[in-house]
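Work from the hints to combine the two standalone chains into their complex.
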Amino acid sequence: MTTMTIAKAINEGLRAALTNNPKSLLMGEDIGPLGGVYRVTDGLIAEFGPDRVVDTPLAESGIIGTAIGLALRGYSPVCEIQFDGFVFPGFNQITTQLAKMHARSNGNLTVPVVIRIPYGGGIGSVEHHSESPEALFAHTAGLRIITPSNPHDAYWMIQQAVECQDPVIVFEPKRRYWLKGDVDVETAGAAEDPFKAHVLREGADATIVAYGPLVPVALAAANAAAEDGRSVEVIDLRSISPIDFDTVTDSVNKTGRLIVAHEAPTFGGLGGEIAARISERAFLSLEAPVIRVGGFHMPYPVAKVEEDYLPDIDRILEALDRALAY
Amino acid sequence: MGTTQLPSTEFDGTAVDDQLEAEAEAVMGEPPAQMVQLLGPDGKLVNDPVYSEYAEKLDPDKLRGLYADMARIRRFDVEATALQRQGQLALWVPLTGQEAAQIGSGRASQPQDYIFPTYREHGVALTRNVDLAELLRQFRGVSNGGWNPKDTNFHLYTLVLAAQTLHAVGYAMGIQRDQKLAAASDPVCTEPPAAVMAYYGDGASSEGDVHESMVFASSFNAPVVFFCQNNHWAISVPSTVQTRIPLSNRAKGYGFPGVRVDGNDVIAVHAVTEWALDHARQGKGPVLIEAFTYRVGAHTTADDPTKYRQSAEEDSWRAKDPLARLEKYLRSEGIADDVFFAKVKADGDELAAYVRRTTHDLETPDIRTAFANTYVEAHPLVAEELAWFEEYSAGFAGEPQAGETPAGQAITEAGN
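Chains A and B are the protein sequences, given in the same order. Its first residue numbered 1, the first sequence is counted upward by one per residue in our numbering. Its first residue numbered 1, the second sequence is counted upward by one per residue in our numbering.
Hints in this document: simulated from the structure, not taken from any laboratory. It cannot be assumed that every hint is accurate.
[As the list claims (entries may be wrong)] Below 27 Å or equal to it, Euclidean Cα-Cα: the simulated BS3-like pairs (lysine-lysine) are:
1) B:LYS180 / A:LYS23
2) A:LYS100 / A:LYS23
3) B:LYS284 / A:LYS23
4) A:LYS100 / B:LYS150
5) A:LYS254 / A:LYS196
6) B:LYS44 / A:LYS23
7) B:LYS57 / B:LYS320
8) B:LYS44 / B:LYS57
9) B:LYS320 / B:LYS343
It should be emphasised that the depicted structure is a prediction, and the values quoted were computed from it without experimental measurement.
This is chain B alone, in the form it adopts within the complex (with noise of 0.2 Å):
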């Protein structure tokens, strides 16, 4: 190595600042610098060196089934966002423009995988077989869950940011003990080697949790891939108060592989994720993907993206729309027809039908499953309250509950 490593009296600034710059140039910049992208916004497929193998796996099958879960994604956040509208959830945490980082990288996962989101996941749900109206259960305010992760691999939603990260990795270690204990009691282990998935965005790239799941995960070559959504926003602060260079640039200072990729090519974002999931399941230790897509809808129902960004940007990334171009290249290549999205249409109508239908039917629970929950074991406070709140309730047996008229009442008013 020598002494080329030490700066020399005539280091000079200003180159650095330069690299800083092109390199800051290329997070808002057009086109981003090394990015993957497989099928450009014209639905022409690109050739890349690595990632093209792994592109030439999607049968037609598979990706007439891409197009058609990230249809009824979108088709499913729009009703969500209508239900929120009408009073029916309390908030919604619309996806869309983010199908494609969805859909491509959820699909990509296997059923052995564990995957950790953030909350605004629904595509990634989707691909795990989570039925979505228990997704809704959060935002209409009758769980904090909602579902249970251990029946399809996909956890709960974590809302304070970033924190999952962490839990990701933890969880990683876990797979890399039970794979050495299966291995020792079973030499010809026939089970299938498992990863985990931690998802993030733009803004949670700044919580410290991001960077100490990455060092965790770096010193102990954790089978765990960090799939950061670059969307553009955290809310009203764009990524560029964020970060200064890519964000997939931050995986070297943790010594291991990231990769941008176009995250509104959903081809790429499969073959980018699958070929990390391998490296992660195989050995080779944690990965970061940073899928460069946006969001074009507002950050929640709450927020109003008028206030702070342009709708001229909006409208450049509703030309990259990951739909429309997926469409492009399924007609051209004539791997789908008028019948195949009419189809699409109709099951997204169906799926809009049964949320709409299951919200309302969704059960306000007990606040008594409430103290069930809060501890395994039994303990004496909790029993305590409950208690109370037993007697106190009991004082109110046979008044009107709360929204209830009290009989005669109405009519009583009405005549007055």
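Next comes chain A alone, as it looks inside the complex (with noise of 0.2 Å):
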């Protein structure tokens, strides 16, 4: 067991994906003996050269576009877009190219292409360095979503999604990427399956589901509720893209509450899509409506406000009193 921050337990499974799959590259903007411009990638450029930790051109398009390429040659790209809303030059190749090239040649070609987001706000930056574009690319089908939220994750999930055969956009809680935990490295079966739901703590009266970002957030609410006399389970999602609709399921049935938690809007984010699915497979065990706590209906604010735009414990915790007193 080794302790390390996120952000490091992303450079490790990235230097352990380069290690154990030859065809692996990196690609992207400053990730070469910058190390990117949150240090993800440090070192790797001096360890495996630059034809494995490929500096590119300014273009998100371009090193979408040309990793599919390289996908289709044999290779398997990670992709870094530096920040959340820079993906949208390349939202194209990603949509239209990436998403179904499989499908389209009827099983021929498959293209293993990973795309790291640096995603959330929090971190008090400009505009379009703050964003959660997660639901964009949800609803994109061919598209696999996942999204760390501790170091243990981060180490496993990165290289899980490079030997995935499905392309994978994995986005990175930005704002956690300084957050400290235990990773084991060594144990074979330490990685768990990445497109499953983790129950981070049990609970009766309510469930709060929270990915990336906001899983620290939810779990600190819990604990306020706890010391309330409530109980309150907390499930981290950890693939948004398929979603374990069982753990849900399962954890609403005993509850019968959920909130759901994200920095996305609320409208036509993946709280609604949650709800919608618990509504149909565990409507008899609701007591009440699942509520949805996300971003307001407006362009990401500038960053002296965004305390007042992120979801924070006491916003949860209100929601989590409207679902009681229901």
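Structure follows, in structure tokens:
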């Protein structure tokens, strides 16, 4: 067991992937000598050379598009998009090309491309640096989307993404890059199914589903609720396409109440999808409507007011109160 | 270098304007400036200091083959258009007029090369031995692909313009890595070097992906040949709206060679492409070829060119027909005679009959294959929806399928 940050865990996971899979390579802006703007690829170019850690021209469509070509030639590229808001120049390549290549080739072609995207707010940054666009990609069939919330998952899930034969987007919770935790890098079988949700805390009165940067917030809210005598279950979704509805359904069948929290705006977000599915699967178990806690329907606000925008412990507790009072 | 690089106070903007205007003239003007041509519209050879030596390598067999290919694909195009008119295809994208650009370039490629077409490259498909009946699957609505690119190194058609130019560069970057690895493990590597070709058109040249693909190709010195068929029309918009200079000139800005070739001269297209592919395979980096040609027919069978262009313009390009031009040459040199041309026509009719027959027989896939091919690995949502679909479908067991008449109903209605 080793203690490291999420950023370091992804770095070590990428190092392991590059070592284990000779066809894997990293591509992105400033990922070479600089090690990426978040230093996630720190030291990798020195170890693996510029053919496997590629500082690309500054063009996101170019990064994704050439990664598709490399994958067609048998490579497993891992692309870094520098910030969430900069993925959109590559959106066409991701949604019209990458997501569909296997289907439109009648299964003849595979494009095992990984796209790493640091996402979410809470870092006091300028516009386009704090967004949560995951729903736009979750809506696109052919893609898989995972988001680790702790160093252990980060270390293993990035490697599992590289080995997956489908395209995988890894949304990395950037404000948690420096969160430390234990990572079991040695035990065989320490890696768990990346597409399964984890119940992080058991409870009887309500369930909070969260993913990525809001997982620690959900846990803190559950701890605060416990002080008031409320027993709250917390689920870390880990994968947001596919979503492990079985785990969520089992939990709601037990607790009868569900809160879904994400930074992305609630309208058209994954919370709506989860609410709809759970209403179909566990209607008779529900004691209250599924309540979503998320961003507002506005462009991500300026840094000085982002605390009013981002779901926090109190916003989750307020939702919990409403659910329990219903 | 010194100060001559700096604009002086006497900088004369009109000189720049004049130069731009002259270059703009060359986009649509006659004859286009600096265009490689080895066989004139009169069917006579033209000497070229660089490319004539490539033309000389074309022996009579190869020349006859180029003609036969162009004639076959033109006949195929006529047949596919007819199949669309008869409702057998949802849409067709005719290539007539561009046979030389496609056959000349495709025949210059080697089996180890990999080709990324747009969606009009039926002639290139022929040169890569794609079964032309399979090419029709997409247009009949039974597949979004239709063939396995791994069999022929001819990628699927790409309908989002220019997206494939980036795939081509990435594929070429993969070839570079493969060759390095092969050389490292086996110093006397006998594997022939490979290159990639990316087809696109004058319309797609405005897409940002073309720009990004050329930046990447140049920065990484990727073995890729960009083959731009300037057929003068992007549906209804003329190429002058896409560019004010010859498209081949754009290569200069990226730092690699750009060549404009007479796209209706199959000998010149073959020569220039062979040169460019050699250049790329030898590790000298990318090349842009602009094949100056013309889309004689409509953009697709849903298009009506009479709404946006003059028939006189079409007539002027028919006078430069790539097949007629080569036929003149073959006949005047005694390389081919009536017997040859009669056989080519018969072969074309046979191909058309084959395509007609097989189109009717192209199977409609089961939607279950779409469930199966959305992901490579197992996916719970797909499994759940498929299970629902199976259960839902089972509810209709025993009932007539769409298009079938319930037993007895026709008789009853006739009786009424």
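Structure-based check of all given hints:
1. The straight-line distance between the Cα atoms of B:LYS180 and A:LYS23 is roughly 13 Å, inside the 27 Å bound, and the hint therefore holds.
2. Distance check on the hinted pair: A:LYS100 and A:LYS23 sit about 22 Å apart at the alpha-carbon level, within 27 Å; holds.
3. A threshold of 27 Å between alpha carbons decides the hint, and for B:LYS284 with A:LYS23 the separation of about 24 Å falls inside it, so the pair holds.
4. Between A:LYS100 and B:LYS150 the alpha-carbon distance is near 17 Å, which keeps this suggested pair within the 27 Å criterion.
5. For the given pair, A:LYS254 sits about 19 Å from A:LYS196 by alpha-carbon distance, which is consistent with the 27 Å threshold.
6. For the hint pairing B:LYS44 with A:LYS23, the CA-to-CA distance comes to about 51 Å; that exceeds 27 Å, so the pair is violated.
7. Of the pairs offered as hints, the one joining B:LYS57 and B:LYS320 holds, with about 24 Å between alpha carbons and a cut-off of 27 Å not exceeded.
8. Distance hint between B:LYS44 and B:LYS57 is fulfilled; the C-alpha atoms sit about 17 Å from each other, no more than 27 Å.
9. The straight-line distance between the Cα atoms of B:LYS320 and B:LYS343 is roughly 24 Å, inside the 27 Å bound, and the hint therefore holds.
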